[in-house]
Amino acid sequence: MRPDRRLALAGITSLLGMAGTGLMPQPAMAQRRGGTLVLVVQPEPPTLGSYISTALPVGQVATKIYDGLLEYDFDLKPLPSLAESWTVSDGGRTVTFRLRSGVKFHDGQPFTSADVQFTVMEVLKKVHPRGINTFSEVTAIETPDPQTAIFRLTRPAPYMMMALSGYESPILPKHVFGQGDIRSHQNANSPVGTGPFRFVQWRRGEFVRLDRNPDYWKPGLPYLDRIVVRFIGDTGTRAAALEKGEAHVAGFGAVPYNDVRRLERLPNIRIETRGYEMLSPVVELMFNTRKPPFDNVRVRQAISFSIDRQFVIDNMWFGFGKPTNGPISSNFAPSGFYSADVMNYNVPDGVDRANRLLDEAGFPRRADGTRFEIVHDITPYGEEWRRFGEYTQQALARIGIKASLRYEDVATWLRRVYTDYDYDVSSNSLFNLADPVLGVHRAFHSRFIRPGTVFVNGVRWSDPRADELMDQATIEPDPRKRAELYTEIQKIVVAAAPLAWTHEINYATVLDRRYRDVIVSPLGLFGSFDRAWRE
Amino acid sequence: MHGTRLVRYALLRLLQAVPVVLGVVVLNFLLLQLAPGDAATVLAGEAGGAPPEYVAELRARFGLDQPMLVQLGLYLKNILLLDLGYSFRNSAPVLDLILERLWPTLLLMGATFVLSVGGGVVVGLLAALWVRTWRDHLISVVAVIAYATPLFWIGLMLILVFSIWLDWFPTSGMEDVVAFNEGWARIIDIAHHLVLPTITLSLFYLALYTRLMRATVLEQRGAEYVTTARAKGLTEGRITMRHILRNALLPVVTMAGVQVGALLGGSVVVETVFAWPGLGQLAFQSLFARDFNLLLGIFFLSACLVVIVNLMVDVIYVLLDPRIRVGGA
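So the protein lines, in turn, are chains F and R.
Following numbering that gives the first Met the number 0, the numbering of the first sequence begins with 0 at its first residue and continues without gaps.
Following numbering that gives the first Met the number 0, the numbering of the second sequence begins with 0 at its first residue and continues without gaps.
Worth flagging that the hints you see were computed from the coordinates, not collected in a lab.
Do not rely on the hints blindly, as some may be mistaken.
Claimed, not checked - Which chain R residues stay away from chain F? Per the calculated CB distances, all over 10 angstroms, these: (1) 21; (2) 54; (3) 60; (4) 65; (5) 128; (6) 132; (7) 159; (8) 176; (9) 180; (10) 228; (11) 281.
Said to hold, decoys possible - Straight-line alpha carbon distances no greater than 20 angstroms define the calculated SDA-like cross-link-like pairs of lysine to any residue that follow: (12) F/243 <-> R/59; (13) F/401 <-> R/156; (14) F/290 <-> R/156; (15) F/125 <-> R/177; (16) F/125 <-> F/217; (17) F/243 <-> R/177; (18) F/401 <-> F/362; (19) R/76 <-> R/19; (20) F/243 <-> R/52; (21) F/124 <-> R/76; (22) F/243 <-> R/60; (23) F/243 <-> R/19; (24) F/243 <-> R/189; (25) F/243 <-> F/32; (26) F/217 <-> F/90; (27) F/125 <-> R/235; (28) F/124 <-> F/107; (29) F/124 <-> R/179; (30) F/243 <-> R/76.
Positions of the beta carbon are idealized from the N, C-alpha and C atoms, including for glycine.
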């Protein structure tokens, strides 16, 4: 009986598949209404105001409640969402969005262009940590009618079109958030949006409960009755809850990689590595480039040569990664922004070349075999980072650099690296986000040397040519020309090695097999789960 | 007469506790200033990088740009008005946050207290009665193991055995968040979730009280009043229950009173392992987020709790041992 039914379904699937277009639910199997999905998020979000905090836990909850103007497919191509269509004119300085009609907020009020204007101009441009940059070129939003929003820009900002998802730019109701101080708004933690799920309750330390929005604008969606987001502080317990089927979905390293490998073998668990393409974390070693000996390019190159990328991926990240040399993730290969045509540090004779470089740089080995001593600050993000720090110590020892390790808590480490610059070498992973302008420039453009601002140019490297190229790429509307600019930028920074990029992280999402269509876009767990369903 | 004296004594003690609690608040405030980094850095860090204007604005909004003494003065003034302030990280008043998490903590602490003190007294008494038999040795060995095993490990093992293998108890949480039970079903559900965390947190204290109880019972059994009682012809059972037990309880009660504070500390681990939504976890998270308003609020409440429990212990003394009189007033 069963195989027959599956065959029949396959037939239906292929038929529907032809008719299926961007927005339509992918008809994989007969989706079923009902069921509760338990998502594990770690740590508990401090707030549900995703317009003011881009922290990963906040985004995973709030994206079920708020929609964005756009969604994206796996090639990072924009798709309609609250905006039905859009046109870019005036050399990229005018963007006109045609908004969907008949959309209602969870409180029953209609969604109009006034909400878009308010959200971007009054909220995202002012208080969103990344929106301040994303929308910096937007001077005004005109609303000739409730279904039209016209963005006026001083200069073209092609990257802005990549930052309009429900995660990056959630659309808020003006009639709710328009009154009172947006920074400490009472509705931050009782959000009202247009998304497939409505906020019901947040019991701190336990869960957030989201119930199905019966008036969702996508007909027939969502399939699930409820999403419960649970907070479980202990890694072992998180894995146990998933193993037992008490919880159904967990990603972003909520389950450590060694547990992922163990859970993968269970019959009720599936592992998914897609769904992080709009984040694209790249791991880097940071050098304090204004402090000797790291002001010497040969020293930085030598350290980059000393890291065996595949070893790190296999042993620290349990295989969830991909070796790299440069700052831009290979997820940008379809758009041409990623370039492999850079200096290659990932070579079999890396240690020999590193030793030669250090000899040339004027740091000969002393009698005890060491060249100089440094302190390596471990990234305080958890197990794999601690092991990565220990590996780096060993790798450096092989080329005669004696490193002692320092491990501090997140706040102390952030201050050391991004405010006091009181470090030699540290590591981090920065998200590329949906466009290099949003996620890549900040790591080495000299405009981003900002004491006190975290996750920017903490290496304090500055190169006029690279800056100029990045400034051009920022406003270049032609994708092909932008790709050429990024090819050149990558060539320059990889050779100069202000940071040593080692690998792209492939986050793993642990899924209960009974739940389908949970990860359906590059936004992954930042998707709205409107198409997720339970067998 | 005795009753009114007890009440007057209690009130006086409470009054005396005010400067103690304030001292704790000031000390905590100053200690927290020593921690590097502040809430604005952490929030900006979680945001994945933010412009300096944003961080500066956060700092101004949190009042972190004020001189330290001004901050302290403001905080003390608010505490005296019982205003614990606002947690910017959680976008909620500190008092609300704490009260929300207080009752799960009290539930876990209460259950642990009953199990560890009650169990410790009974097992310790039995061990003393069975002294130097195999049963006494068994109890002692188990107690030492329970005493020496780390809490988190016990918790994880209990989850593995009783939740995953045997499927008797849920792995974590305080109630079933898929079912959302109500009424009696909810109470039973919570009790069901309470079992493993209570056992985990109790084992250490259970072992401690067992050892203590065994030692004091043995000591009391050699005391002269026991010989006297025996000479008077009382049965062994009556001597144990009426005389030895009451006297042997005093050190256990003292110990239990002192350890209420430690119980809060131990509950951080257990709450984390079992995702129990209590104060311990909240304190832990707020420390790493440098959410000092919230942390100071929790410290303040803990200090009050310890003061109250100690007072209760003193009152229990009087009830247990008529020789102890309340004095002072």
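So which hints don't hold here, by number, going up? 2, 3, 7, 8, 11, 12, 13, 14, 15, 16, 20, 21, 22, 23, 25, 26, 27, 28, 29 and 30
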